[in-house]
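Just so you know, the protein sequences line up as chains A and B, in that order. Numbering of the first sequence is given in the UniProt record's numbering, commencing with residue 1 and proceeding in unit increments. Numbering of the second sequence is given in the UniProt record's numbering, commencing with residue 1 and proceeding in unit increments.
Quick caveat, the hints were computed from the structure, so don't treat them as lab data. These figures come from a predicted structure and were not determined experimentally. Beta carbons are placed, not taken as given, at the ideal position from N, Cα and C, and that holds for glycine. Just so you know, not all the hints are guaranteed correct.
[Said to hold, decoys possible] Listed next, with one range per pair, are the computed distances between beta-carbon atoms: (1) A/Lys-137 with B/Ser-72: 43 to 49 angstroms; (2) A/Ala-43 with B/Phe-51: 31 to 37 angstroms; (3) A/Lys-257 with B/Ser-256: 38 to 44 angstroms.
[Claimed, not checked] Result set (DSSO-like, lysine-lysine): computed pairs, CA atoms no more than 27 angstroms apart in a straight line: (4) B/Lys-137 with A/Lys-214; (5) A/Lys-54 with A/Lys-204; (6) A/Lys-204 with B/Lys-167; (7) A/Lys-167 with B/Lys-75; (8) A/Lys-167 with B/Lys-85.
There are 2 protein chains.
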Amino acid sequence: MSVLSPYQLRQQCRSGAFSGNTSGFAPGFVQANMVILPKQYAADFLQFCHFNPKPCPLLGMAATPGAFTMPSLAKDLDIRSDLPKYRVFQDGQLMAEPTDVRDIWRGDLVTFLIGCSFSFEESLLADGLEIRNISEKVNVPMYRTNIACTPAGVFHGAMVVSMRPMKPADAIRAIQICSRFVQVHGAPVHFGDPAAIGINDINKPDFGDAVSIKPGEVPVFWACGVTPQVAIANAKVDFCITHSPGHMLVTDLANSKLSVL
Amino acid sequence: MSVLSPYQLRQQCRSGAFSGNTSGFAPGFVQANMVILPKQYAADFLQFCHFNPKPCPLLGMAATPGAFTMPSLAKDLDIRSDLPKYRVFQDGQLMAEPTDVRDIWRGDLVTFLIGCSFSFEESLLADGLEIRNISEKVNVPMYRTNIACTPAGVFHGAMVVSMRPMKPADAIRAIQICSRFVQVHGAPVHFGDPAAIGINDINKPDFGDAVSIKPGEVPVFWACGVTPQVAIANAKVDFCITHSPGHMLVTDLANSKLSVL
Numbered sequence: 001m002s003v004l005s006p007y008q009l010r011q012q013c014r015s016g017a018f019s020g021n022t023s024g025f026a027p028g029f030v031q032a033n034m035v036i037l038p039k040q041y042a043a044d045f046l047q048f049c050h051f052n053p054k055p056c057p058l059l060g061m062a063a064t065p066g067a068f069t070m071p072s073l074a075k076d077l078d079i080r081s082d083l084p085k086y087r088v089f090q091d092g093q094l095m096a097e098p099t100d101v102r103d104i105w106r107g108d109l110v111t112f113l114i115g116c117s118f119s120f121e122e123s124l125l126a127d128g129l130e131i132r133n134i135s136e137k138v139n140v141p142m143y144r145t146n147i148a149c150t151p152a153g154v155f156h157g158a159m160v161v162s163m164r165p166m167k168p169a170d171a172i173r174a175i176q177i178c179s180r181f182v183q184v185h186g187a188p189v190h191f192g193d194p195a196a197i198g199i200n201d202i203n204k205p206d207f208g209d210a211v212s213i214k215p216g217e218v219p220v221f222w223a224c225g226v227t228p229q230v231a232i233a234n235a236k237v238d239f240c241i242t243h244s245p246g247h248m249l250v251t252d253l254a255n256s257k258l259s260v261l
Numbered sequence: 001m002s003v004l005s006p007y008q009l010r011q012q013c014r015s016g017a018f019s020g021n022t023s024g025f026a027p028g029f030v031q032a033n034m035v036i037l038p039k040q041y042a043a044d045f046l047q048f049c050h051f052n053p054k055p056c057p058l059l060g061m062a063a064t065p066g067a068f069t070m071p072s073l074a075k076d077l078d079i080r081s082d083l084p085k086y087r088v089f090q091d092g093q094l095m096a097e098p099t100d101v102r103d104i105w106r107g108d109l110v111t112f113l114i115g116c117s118f119s120f121e122e123s124l125l126a127d128g129l130e131i132r133n134i135s136e137k138v139n140v141p142m143y144r145t146n147i148a149c150t151p152a153g154v155f156h157g158a159m160v161v162s163m164r165p166m167k168p169a170d171a172i173r174a175i176q177i178c179s180r181f182v183q184v185h186g187a188p189v190h191f192g193d194p195a196a197i198g199i200n201d202i203n204k205p206d207f208g209d210a211v212s213i214k215p216g217e218v219p220v221f222w223a224c225g226v227t228p229q230v231a232i233a234n235a236k237v238d239f240c241i242t243h244s245p246g247h248m249l250v251t252d253l254a255n256s257k258l259s260v261l
């Protein structure tokens, strides 16, 4: 399965043959977080991404309300069927987790695609660094912080961060590598003392799973793509569609294209 | 005085009108550590610099033994007189600290110039970061570590590091900025726990002066140009001339020319 091209994988999502986690599929290609909002929220959400580029690095936005293509990121895309699994929210409540949203599509829905840490994790692994959540085969631990995002319209909230423990010398190398990837969260925002950014218990993440932190390692924190989901929940939007966690849009864009240096 | 060009400052050194610390002079221009060794040590020392580029980033080497010019770095240079102060060592002992070494110059002496942290400190300050040793008006604290340099011939020893305390977010920014300056020690080699690199008491530096570390800050450690001086002492060379600490060669090379990105 893992040798499928991004296009082939999207076609399998469309036909219903694939509905799993996309981690490890189509290596080398950008996977994206997806947010679909009614038109009345689109301008505020775009501004929120603009004001908070580290947690909300915008990779793409549909050209018009109702559009379900994104030619610059994926050929022959139907955003309504080409992800393996979706989440549908009404008035902040998770209503369904379907594999296709064609039946509930509306002409006023605006699609946003946001960078995902899979892209930089690949470069860290290629450099020989260990990614603890990968070696322990769990989801990356994520935490709510006391770092306030810049609000925009109805969207507001604290930054969510992901954490990967590293020895300091490896953390320095990771900062160098991630600095190249400004469109996928960029350099870390903090390392060391969790309490300094409002995290009370590093062993109890708010999202994802705890990972072990070994002697001599420090926690390193990256701005996380869960941040916009928190802002959307705070905004109490009446309707929203997102990808299901881990079930990303796999694009035709090579990860290396996101590297600015 | 601080508006002197590098050439004018070197001329004042040559005439004896200036023999002070060069910190803050000729802003924007590269200042260099200097090591002068008899020819029989030159190949080993060059190899030591090659093997240990972070503590010993070689900016220049004289074309031939006896040469006292370095056209690529400074016009009309006489390395024997154009630094404000020198140190002369015989069999590892400091013998004199003259302002001119023309009278003891020999045809077998080979000059090496090594990058200095002044270059990256300028870029950190320009970015709005605080450099504690500058704000407290002392020499940067430096420490012997347990990080072994790669030996070359008679030259060997542990890496010496300089330390600047910073908040983690500032340290991340400093790592980005210093990564551009591979010829002036590059990115830090460590942050956080001093004991992890063999430093027993952060308040008792082996060279330079202690600085205050404020709540929320971590010590950040850079490979330091004192490392080659330790290696030279270990090598028990019979004769050596260096700059006097803080009394650097001021070159005509703009600091920005050392930035690779």
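Under the constraints set out in the numbered hints, which ones does this structure not fulfil? 1, 2, 3, 4, 7, 8
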